[in-house]
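Hey, can you work out the whole structure from these sequences and the hints?
Single-letter residue listing:
Protein chains: 2
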Amino acid sequence: MFKRILIAEDHETQNISLQKTLTELGTEKPEYVFYCDDALTWIKNAVKAGQPYDLLITDLYFEEDHNRQKIMGGAELIKAAKEVQPNLKTLVFSGESKTAVIDSLFKEMHIDGYVRKARHDGQYLKLAIAAILNHKKYLSPDLKLARKENNSHDFSDLDIAIISQLVEGTPQKNIPYYLQENNIKPSGLSSIEKRLNLMKEVLGFSKNEQLIAYCKDIGII
Amino acid sequence: MFKRILIAEDHETQNISLQKTLTELGTEKPEYVFYCDDALTWIKNAVKAGQPYDLLITDLYFEEDHNRQKIMGGAELIKAAKEVQPNLKTLVFSGESKTAVIDSLFKEMHIDGYVRKARHDGQYLKLAIAAILNHKKYLSPDLKLARKENNSHDFSDLDIAIISQLVEGTPQKNIPYYLQENNIKPSGLSSIEKRLNLMKEVLGFSKNEQLIAYCKDIGII
DNA sequence: GTGAAACTTACGGGAAACCGTAGCAGGGCT
DNA sequence: AGCCCTGCTACGGTTTCCCGTAAGTTTCAC
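Residue numbers (this note's numbering), protein chains in the order written: chain A, 1 to 221; chain B, 1 to 221.
What the hints contain is simulated information worked out from the structure, not anything from laboratory work.
If several chains are the same, the list does not tell them apart, and a pair holds so long as it fits within one copy or across any two.
Lysine to aspartate or glutamate pairs mimicking DMTMM-like chemistry, simulated, CA-CA at most 20 Å apart:
# : residue 1 : residue 2
1 : Lys-20    : Asp-10
2 : Lys-216   : Glu-168
3 : Lys-98    : Asp-65
4 : Lys-98    : Asp-217
5 : Lys-207   : Asp-159
6 : Lys-20    : Glu-31
7 : Lys-207   : Glu-168
Have a look at this one:
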């Protein structure tokens with residue numbers, strides 16, 4: 001079992017249960033912090049002291065409070081940590097279920113495991129740690145399923161830019177100016193109309209209001 | 001301290017840390033389930049056995065899986081539980097932060113406390129239980145803040161009907177027919193326009209799209 | 001270089017939404 | 001009753017949006 005594990009998780013209760021799970025697995029003193037900046041500091045100090053951590057377990061999203069932080073989320077933390085200690089194993093433990101986000105964690109951040117906060121997260125944490133001990137990657141099984149049922153329209157950057165502008169209150173006819181300023185192509189008014197029509201058609205909507213509500217529901221804005 | 005507490009929470013790790021918190025507070029054997037239907041069964045059995053629970057701690061949203069459930073969420077569970085045991089104290093522990101949702105829990109379901117899953121949720125759980133022991137209501141402080149900055153328009157039934165119709169895709173000009181059929185007055189097109197304008201003016205919006213997004217955020221639709 | 005295809009943009013007619021005004025109905029008051 | 005006040009509705013002009021068509025641009029193959 002890993003001897004030195006660091007937990008970065010802002011929710012107090014989640015942090016506690018992570019500690020409990022790890023002690024059950026045989027890590028005598030799992031260490032834990034509630035802020036990303038603290039996590040990085042501890043990792044640096046551990047490297048300096050010649051006793052680096054074996055594993056970092058971190059959440060993805062940390063809530064802001066009065067303590068201003070340089071590092072705002074788990075992805076940034078992992079990036080910074082790997083600069084200090086490239087061989088550090090990393091396990092992400094978060095409620096995020098969007099495949100695009102998780103895929104990029106594996107591909108770009110080279111994380112070793114991802115467990116979604118969900119029904120059987122305790123079991124899966126144990127399996128994940130076992131896998132990582134054997135230098136394998138791990139992804140909790142509830143996500144492998146979720147990946148398939150995704151038959152909805154996948155929104156491009158342009159789509160999201162258009163919808164965001166609508167939600168900001170920009171009149172449709174002014175959106176081309178915004179897109180030009182931000183070097184998003186295409187930027188013609190007709191293209192915007194066409195894009196909106198496409199999205200509404202795929203999803204079976206007739207009005208922008210429906211589209212906005214849908215996007216709010218699935219969380220892309 | 002409460003002697004008999006039932007936890008309904010589908011996330012394994014959250015469930016574990018709730019148990020731990022409660023034992024620290026002096027409840028010897030907090031009982032726990034992972035499904036709402038089980039929770040109701042246990043409550044019924046406890047009443048029959050003459051040893052009813054003192055407190056129910058429940059999440060709001062439960063994820064569906066292969067076990068088909070009759071009761072899908074915490075709100076329904078509370079309603080069903082109070083029919084069996086009206087004096088049951090209830091504490092909701094969830095990640096939900098929309099004020100409209102939480103307000104309705106207090107007003108309509110008469111819950112005794114709400115703690116949001118967030119940074120200091122462990123502390124707040126303890127405070128909540130202490131308050132409920134004294135027959136007081138409790139709301140975790142991170143939400144009190146959110147509530148004050150809320151100088152918003154309070155939405156009437158008419159407002160919500162109009163917005164709902166927009167989200168359904170009904171063209172504005174057809175909404176009068178819908179309102180007449182449902183005996184909602186006023187129902188004139190001008191009144192609808194006036195009402196939409198008022199809402200947007202109060203909230204500083206210029207377009208329906210903004211209004212829809214706002215209503216989704218605060219959870220009234 | 002030429003042409004075809006795909007994509008982007010421009011334009012114009014018609015529908016919907018927006019906005020101010022005026023007319024109408026009901027309630028309360030003298 | 002007569003009057004005022006309030007709120008609902010109806011109407012017309014302007015703006016925005018919707019949608020089909022046509023013209024321009026880029027890409028790629030031959």
